[in-house]
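Assembly of the complex is requested from the two constituent chains, each provided in isolation within its own frame, with the hints serving as guidance.
Heads up: the protein sequence lines correspond to chains A and B, in order. Just so you know, the numbering used here puts 48 at position 48 of the first sequence, and the rest follows in order with no gaps. Just so you know, the numbering used here puts 1129 at position 129 of the second sequence, and the rest follows in order with no gaps.
These are calculated hints, taken from the structure and not from any lab test. The reader is advised that the hints may include incorrect statements.
[Claimed, not checked] Just the calculated beta-carbon pair ranges, DEER-fashion:
{"no.": "1", "chain 1": "B", "residue 1": "G1339", "chain 2": "A", "residue 2": "D30", "range": "41 to 51 Å"}
{"no.": "2", "chain 1": "B", "residue 1": "D1209", "chain 2": "A", "residue 2": "G150", "range": "50 to 60 Å"}
{"no.": "3", "chain 1": "B", "residue 1": "L1061", "chain 2": "A", "residue 2": "G160", "range": "32 to 42 Å"}
Glycine residues also receive a C-beta, built at the ideal position from the N, C-alpha and C atoms.
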Amino acid sequence: MKALICIGHVPDTTSKIRFTDNDTKFDTTDIQYIIGPYEELGLTRLLDIKDAGTDLHITAINVGLKETEATLRKALAMGADEAVRIDIDPTDAFFVAKQIAEVFKNGEYDFIVTGKESIDYNGGQVDGMIAEFLNIPSVTGATKFDLLEGKAGFEREIDGGKEVVESVFPFVTSAGKDFAKEPRIPGMRGIMAARRKKLEVITPVEQNLKTEVSKHYLPAAKPACKMVSPDNVEELVRLLHEEAKII
Amino acid sequence: MKNKEAIKGGEFIIRDSEIDEIFIPEEFNEEQKLIAQTCQDFIDAEVIPNINRIDAHEEGLLPSILKKAGEYGLLGISIPEEYEGFGQDFTTSMYVADILGAGYAFSVAYSAHTGIGTLPIMYYGNEEQKQKYLPKLASGELLGAYCLTEPNAGSDANSGKTKAVLNEAGTHYIINGQKMWITNGGFADVLTVFAKIDNDRALSAFIIDRDFPGITFNPEENKMGIKGSSTVQIFFTDCEVPVENLLGKPGDGFRIALNILNLGRIKLGANVIGASKAAINLSVKYSNERKQFKTFISTFGAIKYKLAQQVIKAFANESAVYRISQNIEDSVKKYINDGVEKGKANVEAQREFAIEAALIKVYGSEMLDYVVDEGVQIHGGMGYSAETEIEKAYRDSRINRIFEGTNEINRMVTADTLIKKGQRGVFPMFEEAQKINIDSLGAAPTFTDDYFENMKMTVKNFKSLFLILTDCATKTFARKLPHEQEILFNFANIITLSYVSESIYLRVKKIESIKGEKASEIYRDMLDSFIFDSANTLYNNGLEAIYSFVDTNDQQKYINALRHFTTVMPSNIKEGRRRIADKLIEDNKYSF
Ligand SMILES: Cc1cc2nc3c(=O)[nH]c(=O)nc-3n(C[C@H](O)[C@H](O)[C@H](O)COP(=O)(O)OP(=O)(O)OC[C@H]3O[C@@H](n4cnc5c(N)ncnc54)[C@H](O)[C@@H]3O)c2cc1C
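Chain B extracted, bound-state conformation (with noise of 0.2 Å):
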């Protein structure tokens, strides 16, 4: 690896990565672990116990609980120690957030509090800014929220109409607007407001703290899950700010607040993990406990199925995302040794990995929702009644293909991103593309012995796929294709699923390479299944893609193409899906 360049985000489309250049959470190091256990610890003791009196919005019970989490370091985990934080580095902290993933609307509230409450300040905020409020913010005697949201300005961030206006004696902006949906807004101490200053196109970034003059709060909004996390609307009358408190320049508003962005993305890929691995222990313990028919329902195909599938969605977005953690630690590190300020390289970091990012999002956001829907299924009736923590873990679930930019803008994120850069020549893309001779394609790939090899190619294939569809369509549409968002959907699916595809196969190989291949066999079945499902949902993504815009000439060529690259090794998945159900029956909770 040392000799080799580092791997440049979206150029996973075009180049294999080796199992020496990822990370995988096997790999984790003893004091990881212990954080870990940490975490893991004081969402048993101090969340999941209080978890209905948190959904019940008990007065001052949720800002205390942040407070417990700042006792124990937890607030400060990626806070540099000059700011009283702890300074770990970036894989840890997505290990913390996969951790506290588990903790519902107290998620929420954290990952808002250490991630878009805080990073504003901590990434952008100037020395007097950052020595003011880091360390508060560090051990929870500050809380924080961001306001970037309007009525009128959702997904369309920057078309907020919150005014900044400069006094006449230039000591103070006198903000004026409405903002929605901030999260921990009912306490939070200091916020993070976008505004336009003046009639600036731009948005700017302003610290407001909550006892400046001139902000009002609305009361908490009812909502479908994270019922105990704070949402509330904030309105800012001649709101008084100090111009010390402008964050960055004038104008930097936007590009902070896409870049902030990048990273609650990614964060968010974390917080579904250790969500998931909550409710597929739901999920097995109710199966293992349930008899119908005189048997325990976990002995029913039906039910293993949905058992395995649960699994191997979610390790293999835990795959991706610590693939991706890695990626971005890697760049970090670069950045520093170029010279770089640390904050400034952790924002280049992120935005380098920002396709990644948004996939992955989107991947994590909807294996969760998938896991906590069968979940709920597993529980019949029972995942329908309130009583039930699944049912709790279905609604929470459902927020995250909102926040953070909905699904549909991270699915335009991937694909036009990743084109763009194509276009624009980062890594040669289309160079690639064209190297594909579609008519010299046989109808199935030729597979070896050599297992992985065989996944190996596969991937390579699924890459290919998306490599020839938009070469056509970059041909077809040119300047247009940002409009065809069906089609960019497509391609978004397809080049998600190749990435998430190649984090799984290569931790399955790295996990063979460390522990063996019996204790790999379970791992094995997950890749071939996985692999399997990919295949099919690709074909599907081609086929609607080609048919809506390839010539209809070239169409059966395409076609042909299309079948060529997502056909896989057979294998009896069937079999393989009961064995991994099997195991997670056995230990009764996810053990992988």
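Isolated chain A, as found in the complex (with noise of 0.2 Å):
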């Protein structure tokens, strides 16, 4: 069985957030990569699949340009077998999805796992659209997923309760929390094996740009926190009314 493993290359979850190009483009200096959180857990879920006997490839795969290889360099530390890097600076989730549904369509794979939500633009639409683009069915958000005879388990929290889902091959689905338990830390073995894995970079397919980012605007900083003493129940409900104007 094949799978495709999304590899989001996304700021470390501390990096401090500065704009340049007049606020059009994110600034990367100084910033420091890693795989995206759920990517992580859903390539640790596939290698836990893999360790546990059956027999799974897993290509990790990312649209980036040269210094994404690093972060895909790790995925392969962690136990994917090969990887793949679409050459273009990916523009939005559009884009990114139709490049990865092409890789799809031209290898034998049997299902697509992505992250339920990007975690530098909070996007949380390629699995979608690779699924429209492919006409396969999508399960998204997945909190525990696994493989069975000829088709795939999932379990998806909903509001109030779980639902638990099957589906046929191919499918895509995106790893949400508890996709898996802890993320793989790749141990040294993994890390020197990853230096004679197969990282092929191919040409994206040509696409007209739907999008264009006009602005990023940061949030206004938070302002002070004021206290309103227990008696004075009337300035409380002012201020609400007034200042915070929800009520």
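This is the structure in structure tokens:
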């Protein structure tokens, strides 16, 4: 069985966010990159399944420029069998989904795993769009994932409970929290093995851009906290009404 | 660099280095960064969440975490691949020690196992011994300890009383004696034990398995810091050790012990990098959260000063540590090219840089003590609460000035070894000293508008200060100089700061050549401040030395030279420190 796992190359969560070029671009100076945490859980689950004895070939894929190779190399060190980088700076989810769908079509993959959300732009659309491009089922935000006889089993969190889902192959699923317990830390053996694993760079398919970023804003600084004495309910109501404007 | 002869240990005192001869942490490759990330993840996932349980000596916890480190391959970083390790180069093993240095008591256990616990066998073991022990030490199946110190033999390690007597059949050594302060002793499976055979004056080294008959262990010592690390006394009573467990030849022990210590000292320099960054992170986070007088304390100049000084010292230490790593690595390669066997090549290279190892041990441990001390101060009363992590960092730091040779011993090694190398003519130190004409020195050096040339000159001046003083001192005291410890300490301080100053200067220059002038402004601020502080310390040490031994008729001449050599380019140090602190405060973590 062959799986494609999308590996996001995202800023470390403690990064300082700054913008350049008239606030149209993210300033990458001094930024440390990591594998998107949900993708990391996705890959970890696939590796767990493989370690438990399932014959599974795992290909890590990323749409991005050369600098994302370090992130892909980490996926290889964790245990992915090979990696593919589509050599272009991605602009939006539609663009990424299209590129990945093309790779899927050209290889003999059985399913695709993405993260449920990219933690940089909080995108959560690639999985659904891939499914549309390929006309295959999509299970978003899965919290449990198993390969069963001829199908796959999932659990998803829904309002007030859980949903148990099964899907035939091929499908796309996006990994949510609990997809795996803890992200796998690559050991020395994996890191050394990653040197020799294949990391293929492919040219993107042509595509027209559909969106354009006009500006980024940082959230406004939080105003100072106001303390209201417990005896002064009137003042509290006034503040909530006049200043916070929520009642 | 190709056509230049490799720099010798200690030779820095008369020879400038160029940026292409040094390695800086900004140059780590992708794979080294991956390894470092694994170490960081390991600390975050396995060590820090358990640190209070480790410090409470929860039964079996620390060895289990060490074994887990073994599963990730972290115990076999520098063990050759033929013994199931990962054969990483020296700089990578230093990077690992750096990152894992942030793990408090775990770090000490880790260093003891992978350093003094494993290396005697790796460097001095015969093939059989290596085959038998190294793969299991690499995987963590066996854990190691090193037993040199005795109740009456600490700094004077060669004075140990533990005895080894060959039995009549010639099959076993019978060992009797007592060892003290043995790290990992509570659980180690393999002990490297130093003892004297018969009435030898020299030590010999033995590999002793925990389950050999005749070994008993005292309970854990109750320590000031690194409480979770295991430290015990060990008693050997007619302990029978098969003759094949002798390490090296009879009488090799002291040499083995000293050479292993060289490595331990350099590694300690690396360990304190991770520890200092962790303490800086705690400090800046707290100062960004704590409000007094209606404002965050990180806005106060006094706090910014502390934060900046923490960063500058940590950065300087890091610059020196990786410079030494590269020197050693180059030297190992040279020995291997000359046909020297790998283990011996490592030992020789580390011995070559014994001066640098001793000085960085001192600088690094005192740097960390400064950082955690100011860390506590930034936390105010909370810094004194046993509930806070900085309090632990403060207590845990203190041991670094004591083990791996006390800082007193290492200061003596620094000054004494360098002077002896000069006297033996390993490099023309005294010839260079005599070339300096102190009568012709102006009041202050002439600075140009070339920033790095000025820095280079200042560093050279620092070294010149040592050269003129040591030249005078050796003439004054001749063979009695080693007894003038106070003066040797002045010298050691001057040598150390010269080395570290040169290291940070070279690193900043190299950063600028890689990242450009704009990106390196903050690093220039660090360099300015470091050089300024060093010049003042050099001045004090120089003056103390001059008053203590220079002929009164010559004192003024020497003091003029001292002023000349310690005059640095004027710059607004206060503003520079503020900029450094501001970056730290904005990033809310150390990211330089
Ligand atoms: C937590 C911990 C872990 C340790 N782990 C190990 C281990 O795993 N294996 C091991 O073998 N040992 C270990 N040690 C021992 C350690 O290496 C010694 O404590 C150290 O070498 C100092 O020896 P000492 O304690 O006998 O002090 P002493 O040698 O008695 O020193 C006392 C003071 O006198 C000074 N002094 C001594 N000689 C001179 C001199 N010639 N000139 C000037 N000043 C001098 C010292 O610097 C110090 O300030 C450990 C110690 C501790 C506390």
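Now the hints, each set against the structure:
Our hint of 41 to 51 Å for B:G1339 and A:D30 holds, since their Cβ atoms are close to 45 Å apart. Distance hint check for B:D1209 and A:G150: the Cβ-Cβ separation is about 54 Å, which falls inside the suggested range of 50 to 60 Å. Here the CB-CB span from B:L1061 to A:G160 is close to 40 Å, well matched to the stated 32 to 42 Å.
No hint from the list above goes unmet by this structure.
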